[in-house]
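Q: Following the hints, position chain V against chain U.
Chains as they are written, first to last, in the working numbering: chain U, 1 to 238; chain V, 239 to 729.
Take these hints with a grain of salt, some might be off.
[To be verified] A partial selection of chain U residues facing chain V, derived with a Cβ cut-off under 8 Å:
#: 1; residue: Ala71
#: 2; residue: His73
#: 3; residue: Lys126
[Stated by the list, open to error] One-sided and incomplete, this derived list gives chain U residues near chain V with beta-carbon spacing under 10 Å:
#: 4; residue: Thr36
#: 5; residue: Ser118
#: 6; residue: Leu197
#: 7; residue: Ile205
Hints are computed from structural coordinates only; laboratory data are not their basis. Note that the Cβ used here is the ideal one computed from N, Cα and C, for glycine as well.
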Amino acid sequence: METDKTPFYIIDPRTKLLILALNSVFVFGGAGGADTTMEILRHVITFIPLGLLFFGGKRKPVLLAAIFYVAFHVLQVTLFEHTKGVLNYILLFSIGVFVRILPNIMSGYYFISTTRVSELVGAMEKMHLTDKLIIPIAVMMRFFPVAMEEAGAVHDAMGMRGIRFGGRHPSKILEYRLIPMITCSVKTGEELSASALARGLGSPIKRTNICSIGFRALDYAFWILGVFTVFVFITTLL
Amino acid sequence: MITLKNVSFSYEGEERKSLNNINLSIKKGEFIVLCGKSGCGKTSITRLLNGLIPHYYDGKLEGETLLDNNSISQLPLYDIAREVGSVFQNPKSQFFNQDVFSELAFICENLGMTKREIHQRVTKSISSFSISHLLERDVSQLSGGEKQRIACASVSAPNPNIYLFDEPSSNLDVQGIALLRNTMANLKKQGKTIVVAEHRLHYLMDLADKIILMVDGKIEKSYTREDFLNLPPITRNSMGLRCARLQELLPYKSEEKPVFQKHIAFKGFCYMHKSAKKHSLHMNPFYIPKGSVTAIIGENGAGKSTFAKCLCGIYKKCGLMEIEGKDENWKARRSTCYMVMQDVNHQLFTESVLDEVLLSMDQEEEVLAKKVLKSLDLEHLSHRHPISLSGGQKQRAAIATAVVSNREVIIFDEPTSGLDFTHMKEVSKQLRELSKTGKTIMVITHDPELILDCCNYIIKIGGGGVKESYPLHQNREKLLHYFIEGGVSVE
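Excised from the complex, chain U in its bound form (with noise of 0.2 Å):
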């Protein structure tokens, strides 16, 4: 038996999914309401993404991410209150920005910058989810660099032309932009799909996966929350 060498705060793609998933519904979607524990929770559920990120060395951007929202919740549980008129709708935004959309913005950063399409693949499998699923979805994880590249360079080359916001065709920017990107995409689409193929992809043949993925002290702790988080949730409907 190998000794386990992988560093403490890499999880299974699963649990990855599972903290997005809490993020998205209890989080973002605010389910279970006022509850005390609730709350408690989400602070909890905002800051696990955040600190597997930290360990992960991406430092700066959970930081300036962790200070907001921080920042934001003490301002919505101390001055929001005693505010009133714009001033009362500018925190209402802004708190909503800070305090629901970025943790889930950053859970779903952290899932997309660590998780590699082979691990995923691996995932998908262990939950015995169709080839039929798992292999478009494989090559989206693929393709979604390719496409930030080629929106990149299409931002670059509509710069030096001169188009943008309160130029000559206003209407037309989102034209401009779309075009030459799927010109772009479905070419590199097409040569991505003939690679994969020429290199056995789609076989009916089991694919054998060599990532070793599983579930570590650490998953099996975050699915305890997980299932906690539910319980909770369900009391509060109570």
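A: The following block gives chain V in isolation, referenced to the frame of chain U:
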């Protein structure tokens, strides 16, 4: 080993036969180079051999392709993948994993081998391609040459006997080509059968056993290496082929020394990428002759593209360009400099070529727009959608937008990567004509044929700074030396 019998193929929706009655047999251990103009069918042959025709690209296929007496069209793709490894042109779109190790294991995983076996096979490819130092890296951080090496190593894991390369050198610099050549030599030594479809021929000449010339979907002639090298260069050029030896390029034509009156100076071009610790661009002041065609050479990652982006104001707040006694900052340069990108598709936005040109004008004047289109031989295409144009026409459409917006400096990012001799000549002519109209042209390129054909000034960039600058006149040998010797240190 491989036999093609009376094979014809036309892609779906096309009348023209991309392959027309091909008969070819390839023996075990042979190294075959397929060459010919763009669209001659050489890529289609590689697609026949890896089964992408007819399994992925639809169309009308006649005749038979046999792989060890089995018909390829009857074999499923994943069975062919065991026997035939394919390396494609574009390193960006042929990888499926972000990390090198997963990529190496990818084919074996797909073929359902056991974990143990996969580890053994991957370990073997790692040692036979000497890539252990790349394992920890992300595929996206590798250089072009390293990527193609990983691609070779990854297709070699299931131990196929046939290797296909479809224009593998298109995106490579001098060192990348040397690395690729070295990888191919290694495969040849192992007795593998190798088929390469390629425009650049010079790096393959010591390896090729047979050179097959294709014209309009037919095999025109098959040469042995000696016969091919004995052809006069001009005959090869008339077939649309690039040089077979770089040395051929030296005795071109006697040219007059170009006279330049004015200069454009570049001052304080420095740039640091976000997460980087070091400046990726740190240039001492330098100048180029105004109205020249200046080649910008240097290895991948030397800072050429970063410089181009700074020059055109894509990267902000960087450097001053002194032109006609005026210092222009990045903002001013957004309306005086223009880059024709390597993938021109990124910079064509509208529904017709004419609209494209009008969009770039301060005042939409159709008469002037048409005049510019005519000068670039695009008039008859002015109502076509840019997407429907050929690569060269797209490039000219991008040039047209630069001309109507009165840009003084136009910089081209690798305009001839993956082009045959004829198309390269067209680009070269275009650059010369543009410079005759008084524009200053800069070309980022790894293509010595292009440089020797149209450039008159050289800037060599290395490690983020200008290493050398000299007029090309009477320095042709020096330039060629860089391209011939540049890769030797790698091997």
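Q: Look at each hint and say if it fits the structure.
A: Here is what the structure says about each hint:
1. Ala71: Constraint on U/Ala71 not satisfied, violated at 25 Å.
2. His73: Violated - the Cβ of U/His73 stays beyond 8 Å from chain V, reaching only about 29 Å at its closest.
3. Lys126: Since chain V brings no Cβ nearer than about 15 Å to U/Lys126, farther than 8 Å, the hint is violated.
4. Thr36: Hint on U/Thr36: violated, closest Cβ of chain V at ~41 Å, above 10 Å.
5. Ser118: holds (4 Å)
6. Leu197: The hint holds - U/Leu197 has a Cβ within 10 Å of chain V, the shortest such distance being about 5 Å.
7. Ile205: holds (4 Å)
Figure legend: structure checked against the earlier numbered hints; hints not met, in rising order: 1, 2, 3, 4.
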